[in-house]
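Engineer: Just need the whole structure built from these sequences, with the hints factored in.
Top to bottom, those sequences are chains A and B.
Just so we're aligned, residue 312 is where the first sequence starts under my numbering, counting upward by one.
Just so we're aligned, residue -1 is where the second sequence starts under my numbering, counting upward by one.
Calculated from the structure, these hints are not laboratory results.
In this text the structure is predicted, and so the values were computed from the model without any measurement.
Please note that a few of the clues may not be correct.
[Said to hold, decoys possible] Here are the computed distance ranges between Cβ atoms for each label pair: (1) 383(A) - 214(B): 54 to 64 Å; (2) 235(B) - 447(A): 30 to 40 Å; (3) 304(B) - 492(A): 39 to 49 Å; (4) 360(A) - 89(B): 49 to 59 Å; (5) 235(B) - 425(A): 19 to 29 Å; (6) 170(B) - 343(A): 43 to 53 Å.
[Said to hold, decoys possible] A short, non-exhaustive set of chain B residues, derived as facing chain A with CB atoms under 7 Å: (7) 33; (8) 123; (9) 125; (10) 134; (11) 229; (12) 231; (13) 288; (14) 290; (15) 293.
From the three backbone atoms N, C-alpha and C, an ideal C-beta is built for every residue, glycine too.
The primary structure of each chain is shown beneath.
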Amino acid sequence: MAEPRIMDIKDQPGFRSIAVICLLVLYTPVLILMVFSLNSGSLVTHWEGVTLNWYGSAFLNEEFHNAAKNTLIISVTATIVSTICATLAAIGMTRVKPWRGLAAAFMVINLPLMVPEIITAVATLSFFALIAGTLGLNFGIGNLILAHTVFCIPFAYMPIRARLEDMDLTLEYAAADLYATPWNAFKRITLPLLVPGIMSGAALAFIVSFDDFTITQLVAGPGQTTLPLYIWNQIRRPMTPEINAISTILLLVSILFVTVSFLIARRRAK
Amino acid sequence: MTTAALSPTTLSKAALFEAQAVKTSARRNRLLSLPALIIIGIFGVLPLIIICIYSFLVAAPYGGVQWQFSTDAYLNFLFQRDIFDDTLQFTPDFLIIYLRSFLFAVVTTIICLLLGFPTAYFMATRPPAQRNWWVLLITIPFWSNLLVRTLAIMFIIRDEGLINNALLALGVIDKPITMLYTNFAIQLGLLYAFLPFMVLPLYSSLEKLDFRLVEAAYDLYATRRQVLWRVIIPLSKPGIIAGCLLVFIPALGAYVTPLILGGGVHLMIGDLIAQQFGSGRNWPLGCAQALILMAAVLVALFFYVRNTSGKVQHG
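Structural biologist: See below:
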């Protein structure tokens, strides 16, 4: 008699149906898009049968190759650089006596999250145009890597910092008590404990870089097409299910990285 | 005796050593923030300063700027110079786009809250194992490619899209309803894009809800509705504010959604800004428009900070 009453107090009428509707709304359009990537007809809206041809034609397409190559160069480099910077910054801002400017530094790190993406995009475009015009500097695809690194840092920083804050400090004190040098204590105690946070941060940095459209579109020079830009170029032509195939690949990459990051975080929570 | 003599000194020695080790490494540690701060400083903060400067310059004919001071960009935001008698005419075109975007963002925030709150509450009241699955299911769209998700919406609302095809086949309508490239399309796209941004912060606040308070309210003969409005919602206010902000700010500056679903006809602030750097070739105007958007965002953030800090003080 007491059991159902306890379950009952948490219930609110209708909330279950709204939750289910939300899931349906979030997933139905994306699932339809994915299903149509297997359509054997050449129209994106009329179902004719199952085929994997569109994946085949995407993989054989040279433009797709170039876009995929550019995307990987940019997002892998941006992920590595931003994760290293974010790890160092997270240590420098948690394993430290509060220093003057700590609050300001925290704001700077999180700045890319607070500024709307379109503003960052036009600001970065103006910046690279200015240094190209006055100093003659153009880093080519490096421009995109730098732009991506900036907004990847806060995404990598968040899980790493959270991990450092959750960590049991007594282990580090114990290492210091046992005459470990700060570097040794870091290498043998802190770093191994921090690895899940770093991996989770790197996964998030990779996703946001891999998926970025707005900033890339404005900053990219000729020949610097990434996968999202490639999709955008395709939308403006008559569409074939090849676009669904490429979109599906992008979605699957995101799903893979989110799930990995989620599982790492969950193991930590356990 | 030995213990009595030894313990205070060893203890203090150990404490001293510990403090010393932590302190020296701590002082050096703060230098570790430098690489991140330098990268964001040069390639994130400096560009923002540059657009502040650019907004006070004159547009070069083929894009870019001429180094000549002018407040035309801000004047052009509200006025247009008459070509014949050189007087300023009030032209609210840009202002209307800003107000439209503001309305879109407000409606998006409200509907996301109405759908997101029950969802987040339902998630938070599931048993822990089930809860994880729900969180993963909401997290996946949160991190999925926005361009692709918007494309998915486009596919189903086009004239020859799934909805129209289904309605035609059922004989409900005899010619397709135009949904793409309308305000409705943009509104739908914004809701679809930002719903997960509302659910996740709400969830993390509702998850910590102390249900003993709910139980107490029921013991005091509160109805379900009273419990919801007078206990659960007030207790989850921080989550509600955070969620609204996470939806409102990106919705106000949305770029991809109106670009694809508005078809360049129904503009929002984001497209308007990008246009000045593309076909418009008026960089100073684009910079001024970006800064006016930034000001709106700062106002929203200011309310957020004031609301949350006030909350902490009152307990």
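Engineer: Now tell me, hint by hint, if it's right for this structure.
Structural biologist: Each hint tested on the structure:
no., hint, in the structure
1, 383(A) - 214(B): 54 to 64 Å, "holds, 56 Å"
2, 235(B) - 447(A): 30 to 40 Å, "violated, 54 Å"
3, 304(B) - 492(A): 39 to 49 Å, "holds, 46 Å"
4, 360(A) - 89(B): 49 to 59 Å, "holds, 55 Å"
5, 235(B) - 425(A): 19 to 29 Å, "holds, 21 Å"
6, 170(B) - 343(A): 43 to 53 Å, "violated, 19 Å"
7, 33, "holds, 5 Å"
8, 123, "holds, 4 Å"
9, 125, "violated, 10 Å"
10, 134, "holds, 5 Å"
11, 229, "violated, 11 Å"
12, 231, "violated, 11 Å"
13, 288, "holds, 5 Å"
14, 290, "violated, 10 Å"
15, 293, "violated, 11 Å"
Hints 2, 6, 9, 11, 12, 14 and 15 from the earlier list are contradicted by this structure; the remaining hints agree with it.
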